[in-house]
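Student: One letter stands for each residue in the lines below.
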Amino acid sequence: MASWLNTIIQGILLGGLYALFAVGLSLVFGTMRLVNLAHGDLSVLAAYVALILVGTGTARFNPLYSIPMVMVIMFVIGYALQRGLLNFIVQKGDVQGVIVTFGLSIVIMNALQQAFTANSRGLDAGKVENVSITISKGLAIGWLPLMIFLMALVVISALQLYMGRTKMGRAFRAVSDDQEAARLMGINTKHLWAVAMGVALLILSIGGVMLGIRTTFNPLLGSDRLIFAFEAVIIGGMGSAWGTLLGGIILGVAQLVGAKAFGAPWQILAGHVVFVIILALRPQGLLAKTVTA
Amino acid sequence: MSAATRTTNAGGRRFTVWVANRTNLVLLALGVVVLVLLAVFPVFAPSAWVRKLVEFFAYLALAEMWNLMLGYAGLISVGQQGFIGIGFYTLWLFSDVIHINPLISVVFAAIGGVIIALPAAALVFRLRGGYLAIGTWVIAEILRLIVANIKRTGGGSGITVQAASKMEMRLGPAAYMPRVYWWSLAIAVIAIAVTYLLLRSRTGLALKAMRDNDLAAESSGVNLWRTKMYTYIIAGAGCAMVGAVEALYSLRVHPASAFNITWTAYLIFITVIGGIGTIEGPIIGTIIFYVLREETSKYGTWYFIALGILAIVVTIWSPAGIYGWVVRKTNFMLFPLQRKLRYLDSGAPELKTDGEEAVA
Amino acid sequence: MSLLRIENASVYYEDFQALYDIDISIEEGEIFACIGANGAGKSTMLKTVAGVLRPRRGRLLFDGEPIDQMPPYKRVELGISSVPEGRRVFPSLTVHENLLIGAYRNRKGSWTTDAIYELFPLLKPLRKRQASGLSGGEQQALAIGRALMANPRLILMDEVSLGLAPVVIKRIYEAFPILLENGCTILVVEQDVQHVLTVATHVACFLEGRIALQGVPSELSSEQITAAYFGV
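Protein chains in written order, with this note's numbering: chain X, 1 to 293; chain A, 1 to 360; chain E, 1 to 232.
Each hint should be verified, as a subset may be incorrect.
Stated by the list, open to error - Sample of chain X residues at the chain A side, in silico, Cβ under 8 Å:
hint : residue
1    : G97
2    : V98
3    : A125
4    : L269
5    : L281
Unchecked claim - The calculated BS3-like cross-link candidates involving lysine-lysine, where the alpha carbons are at most 27 Å apart (straight line), are:
hint : chain 1 : residue 1 : chain 2 : residue 2
6    : X       : K92       : E       : K74
7    : E       : K74       : E       : K108
8    : X       : K92       : A       : K329
9    : E       : K108      : X       : K190
Hints are computed from structural coordinates only; laboratory data are not their basis.
Quick caveat, the model's predicted, so the values are computed rather than measured.
Glycine residues also receive a C-beta, built at the ideal position from the N, C-alpha and C atoms.
Generate the whole structure from the sequences, applying the supplied hints.
Tutor: The structure is reproduced here in structure tokens:
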């Protein structure tokens, strides 16, 4: 019994990680109706950025401290990417969005492979990776997964506050509602979209680096992460940041419970099954605020 | 002389709707000749070339299917590899488990594609746009994971298609590969024919209308959902057949390659070169892509990086692809799909009823 | 120097020409009305001034400065503000938030949210209400208030009376003098000729993309205006 509870708790914590991946995807879609197929690959890129920063040999430091720097770098990359490339397809329709971001995904995946080879790498955060908090007999929570989950809570709360209370946040919502009217009110949509992408990648990079610490990473993992983010968004409901957290949690729990019940190879498939069920029964998601585009 | 389709009275003026002109008929005749040549090709060509063309026609068929879904129904799928993979494994299933002649099993692959396409469509159509695209990817992933986790299919390591392998040994490669080739050619021709016929029909106009504006299409009485459904199913069946042919070609089925996203990557590149919305676009795109691949694939990741950049740049600069840019410049269509409205009283100018050049 | 000067502007939608050599001067302190039938080009002209459309030929000068290639957000910075056709308030934002968005460019001036609530008291009890839940008249007041929050020197109003009850229209027009007092020139586009001519200081009548008549309402007869409107 305790071990099932353990699994569920692990699943909830895993949901926090998925939420960190999902929030960015949802934010970009909400602001500019763009589904970024390179989203997962960008989270992998963040891990490699951390790898470069942390360095090898004697000059290395704990990758956890690299996170703020990675966040800034990824924000800049996101801003430049949007302003320099993606802004040209934002209003052009879904097809071009898919093809361009798919192309981008291919470029990032192969460029990383070219630069770092396909070998798995890891970010070494030292002892903290193995520390766990024992709650009772048979029930222990890893410190790192707990940190990731708490980060997700902090990020989503901050994002909600940002969207609800600040001038920029209001502008984001206005652009999301009616971009032409927003321009008439003096909002520079090109700049705003670039900020949105920057923020999305900033959030994404937290998850990317944390996951890189927790397990190994390689250039080919982006597709899976994109799918997990997507499933979390759809399960939780579009337009709701807390929804993506709920979606992430459900996905995480489904995956780990499935793995425990049927064996490790079934983990991802179990998540897909739950995703399919929710899509079939409640396509708008559990906490949907906006109607499907 | 024109190939007229109808002469109708409208408000007192008589006019003809015609689709092709003389040049197009000549080209059609030429096409038939080419087809006959292709059919007898294996008889006198070296086997290496036969093998190359098997792959070529497979890509061509896939590209026509993707083009049909995208260019005319507005369905963006990055999950066709799911159907290709199903085709692989259905072929294996009917050949090795149910013991039906492998060459005949290709037909069952199409049925397998249809059976999967129905529930897949029901799920995936609940999404729109880019999310729909990822949804199709998830379907493909689900299929891959299921197949990879069943021991009987060889699991993650894949399995040989024994019946096909034995057939190849019995006939000898020189006699076996042409049979595979004829299937591949047939599927490509069927794909082109189906696409062409569909687009010329009323459904075709409906699909083109859909591409331009969902709401407008719906309000003119077109049943969007059903037409999208048909298109998705046809494409599913077609891609599955291609998968079956590929299984015959490589004599092996393996989940990582059968269900690989690379199939979609190739489709996207072909589309970027050839554009969507025409029938000859995929043909041209496939030719150029295939030639490029033969020359450059030894460069590995650089090849993919270059393709990715090409896809990005071309999509932004000319959404109709490189070929589409050419079409716009020369205003020529190999497979005529536009209907031209021509008033029979003399002196009246030609008006086109659809396409970008329509007069306001 | 005129506040707004449109010099021989021609505007196209793809290949379709919507405006032919439009030439207008608007001075500070005017209430300039553009009237004309549907599709005559008046909204097109407003959109060109706002920056949504760019003229293919001709120039736009605001306070002597050429603005024809300037993006909309820069024009707001200069002091041009819009009340778009169909109001287009932001549905998911509250009334108060809609007003705050109007002040995005932080132009200095006398218009604050309090001043707007004073001008349109009907909005005050609705401050926390989502804009999607407002009536037509309330949305129109909000759209005008939102535009005023930019402390504009020139406010562009596109068909503000459309779909509103005469009582509401009257109240909106009653606000015009207050706008003028606070340093705002008004360029208003209307299909409903009757009401707008009671407040306009100048009028231009559009017909099929050209100006058929221009002048001071008190100096023009109703026959002249009807003729220009319908092109008889």
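Student: Hints first: check each against the structure and report whether it holds.
Tutor: Going down the list of hints, with the structure as the test:
Hint status for X:G97: holds, given a least beta-carbon distance of 6 Å to chain A, under 8 Å. Interface hint at X:V98: satisfied, since its Cβ lies 5 Å from the closest Cβ of chain A, which is below the 8 Å cut-off. At a threshold of 8 Å, the smallest CB-CB gap from X:A125 to chain A is about 30 Å, leaving the interface hint violated. With a cut of 8 Å, the hint placing X:L269 at the interface with chain A holds, because the nearest CB-to-CB distance is about 4 Å.
Interface restraint check: X:L281 against chain A, minimum CB-CB distance 10 Å, threshold 8 Å, status violated. Straight-line distance between C-alpha atoms of X:K92 and E:K74 comes to about 24 Å, which keeps the hinted pair within the 27 Å bound. Under the criterion of a C-alpha separation no larger than 27 Å, the hint pairing E:K74 with E:K108 is consistent with the structure, at around 15 Å. For the given pair, X:K92 sits about 21 Å from A:K329 by alpha-carbon distance, which is consistent with the 27 Å threshold.
As the CA atoms of E:K108 and X:K190 are separated by approximately 24 Å, the hinted pair is consistent with the 27 Å bound.
Consistency with the previously given hints fails for numbers 3, 5, ordered from lowest to highest.
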